[in-house]
Amino acid sequence: MGLEMNDKIIRLENIVRIYQIGETQVQALRGITYSVNYSEFLAIMGPSGSGKSTLMSILGLLDRPTSGQYFLEGVDVSKLSRDEMAAIRNRKIGFVFQNFNLLSRTSALENVELPMIYSHISSKEARDRAMAALAAVGLKGWEHHRTNQLSGGQMQRVAIARALVNDPTLILADEPTGNLDSKTGAEIMDIFCRLNQERNITLIMVTHDPVIASYARRRLYLKDGQIVGEEVSQGACDRAPASGG
Amino acid sequence: MRALARNKMRSFLTILGIIIGVAAVIAMVSIGEGAKKGIEERFASMGTNLLFVYPGSRNIRGVQSGFGGFTNLKPDDAKAIEERCDAVKATSPSINTRAQVVYANKNWNTQIQGTGEKFPEIRNWRVVEGVYFDESHVASGAKVCVLGSLVKQNLFEDEDPIGKTIRINKIPFTVIGVLESKGEQGGFFNRDDMIAAPYTTVMRRLRGVDYINSIDVAAVSADKTSEAQRQIEELMRERHRIAPGAEDDFQVRNIADVAESAAESTKIMTILLGSIAGISLIVGGIGIMNIMLVSVTERIREIGVRLAVGARERDILLQFLIEAVVLSVTGGVIGIIVGVGASRLMKYISLFSNITTVVTPESIMLAFFFAASVGIFFGYYPARKASKLDPIEALRYE
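Those sequence lines, one after another, are chains U and H. Going by our numbering, the first residue of the first sequence is number 1, and it counts up by one from there. Going by our numbering, the first residue of the second sequence is number 1001, and it counts up by one from there.
Honestly, the hints are just simulated from the structure, not real lab data. From the three backbone atoms N, C-alpha and C, an ideal C-beta is built for every residue, glycine too. One thing to keep in mind: the hints can contain errors.
[Unchecked claim] Just so you have them, the derived chain H footprint on chain U, three or more residues with Cβ under 8 Å: (1) 54-64; (2) 80-86; (3) 94-101; (4) 152-158.
[Said to hold, decoys possible] Heads up, simulated DSS-like pairs for lysine-lysine below, C-alpha to C-alpha not over 27 Å straight-line: (5) Lys-8/U - Lys-124/U; (6) Lys-183/U - Lys-8/U; (7) Lys-1118/H - Lys-1074/H; (8) Lys-1388/H - Lys-79/U; (9) Lys-183/U - Lys-140/U; (10) Lys-1224/H - Lys-92/U; (11) Lys-1037/H - Lys-1347/H; (12) Lys-1079/H - Lys-1224/H; (13) Lys-1385/H - Lys-79/U.
Based on the provided sequences and hints, a complete structural model is requested.
Below, the structure written as structure tokens:
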């Protein structure tokens, strides 16, 4: 069984998350047990309040479960300290948010360099890697533009480049197309598909848009803090021209 | 760092408090140091063989008299010291009063210093015009006087004062000489603002008393001062009939002692002025804390992003702490420039014209390090608050 476990990038064992709001307790997650394969493209769907954001926070090591165990690449990460969690986020996890979360009045390049400040990479190498990441998301030539001079789609590309720059094994995207029109959204999804297929990065995406979710190979449905269904099919990525294997 | 440049106006207002604080510390301490230096120079110019005899506290039938209310020092004591102590070269009795001085349509309030004829020799103070009064003037209590250069300037301007009559407390005195200027190095008072007259005249005509305030003594040389001091003490105990073991009713102090106690009092003043200015630095520090707290609140989203991409608590703490220190150090540097400028400028403002200021490297260092530590101290709380933010809440913050 141990061998099998190591094939999974993520293994969740009965994850429970209870929020204490004043005197009342809110159970956001009521025992999630689930595993994610390496190089998977997973979409988590569900109505608001279903616990999908809480699950993303725990998967992204921004939050700790109240009980249960979370194994990331075979290592139990459910009881780490804040700084240990920060170090893993820095090395292994990339985040893409609905509202981009870029530093305003700062250049695209500096935004992409940000994670490398905290992994003690020389400024020369950081610059090279940030340039390469920006080129990979199709922003060659836009490096020195400030983020407030960019369009929504461009800002999300900067955010993806930032998620990519430390060579993560896992990228977590929270409604990445929520603030974009459908055409730009499709472009962003193409980038995700390429990262998933060409770099074998595991992608987990929260969305409530069935069209966007259809890009993923596997879809997980959440309701009231529990898994209520799972669907596996050929994702739109597999049919896209970008596909290479 | 970039955040500071983005909010130039706000950063400037924040450091204004530090600028004023540091400038005030430097300017205030420079006044104190100036006074100290003035005192040192004044005593140095008087000569190192100088001693003073003061009346001491006296116990009369159990009643301890206060300092300054003594009447037991007489002109004869001065005469005896000069005649009978062989380590003593010269003495001059000293008695002072303040008086209104009138010449023609001008008048001036100044110090009248009653001295013996050897005063210029003892104090190393030359007469530049006319002559100093001699033994016969002193013996007869003649109504003659010698002007300090500031008094001469105020009463006579370019007129020749020799032979003119001035009225001191309505009593006519003939001016027979003018003393050389000793300059303004006295700190808060000007030594040229005085009139010298025979002590006998000051005692009888101006004060109406039979005692003197102190005796100036010149030892034969600088290395004989302690011997002179011992001889004077012996003689005075004998003259004042003080029983063995009883307390002296006088005290003999040499110039080094006097200079030391004067320096001590200016030191206290320097500390006092410096600490008042230091309070304004602390107020400036509170301003920094306030603005850093605002800055943290404004940048919660940014902090959330930094935490999400892997910043540790220490990274965030350092970032904000460095911002606070950059603010306070910048303020410190500008404050030093302003402070040094202000203490230089003080000479040209008439109100402070007789205040000497000296800016020492120590006061600059002190102000600078104080400013930097104010930055660390008051920057720490906001920085810590930022570093303890919950990344999820910070990312969601609107």
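Worksheet item: Is the hinted pair Lys-1224/H and Lys-92/U satisfied, with a Cα-Cα distance of at most 27 Å?
Response: 86 Å, violated
Worksheet item: Is Lys-183/U close enough to Lys-140/U, meaning Cα to Cα at most 27 Å?
Response: 20 Å, holds
Worksheet item: When you check the alpha-carbon spacing of Lys-1037/H and Lys-1347/H, does it fall within 27 Å?
Response: 15 Å, holds
Worksheet item: Is the Cα-Cα distance between Lys-8/U and Lys-124/U 27 Å or less?
Response: Between Lys-8/U and Lys-124/U the Cα gap is close to 35 Å, so the pair fails against 27 Å, i.e. violated.
Worksheet item: Counting residues of the region 152-158 of chain U that have a beta-carbon nearer than 8 Å to any beta-carbon of chain H, does the count reach 3?
Response: violated (count 0)
Worksheet item: Would the pair Lys-183/U and Lys-8/U pass a check requiring their Cα atoms to be no farther apart than 27 Å?
Response: At roughly 34 Å apart (the allowed maximum being 27 Å), Lys-8/U and Lys-183/U break the hint.
Discussion item. Taking beta carbons only, do three or more residues of the region 54-64 of chain U come closer than 8 Å to chain H?
Written reply: As far as the region 54-64 of chain U goes, the hint holds, because 4 residues have Cβ atoms under 8 Å from chain H.
Fill in: Coverage criterion applied to the region 80-86 of chain U (partner chain H; beta-carbon cut 8 Å; 3 residues)
It holds, with 3 qualifying residues against the three required.
Fill in: Satisfaction of hint between Lys-79/U and Lys-1385/H, Cα-Cα up to 27 Å
The hint holds at about 23 Å.
Practice prompt. Below or equal to 27 Å on CA atoms is what counts here, so check Lys-1118/H against Lys-1074/H.
Written response: Distance of about 17 Å is within 27 Å: holds.
Worksheet item: Counting residues of the region 94-101 of chain U whose CB is closer than 8 Å to a CB in chain H, do you get three or more?
Response: Since 3 is at least three, the answer is holds.
Worksheet item: Regarding the pair Lys-1079/H and Lys-1224/H, is the alpha-carbon distance no greater than 27 Å?
Response: 19 Å, holds
Hint compliance for this structure: hints 4, 5, 6, 10 are broken, all remaining hints hold.
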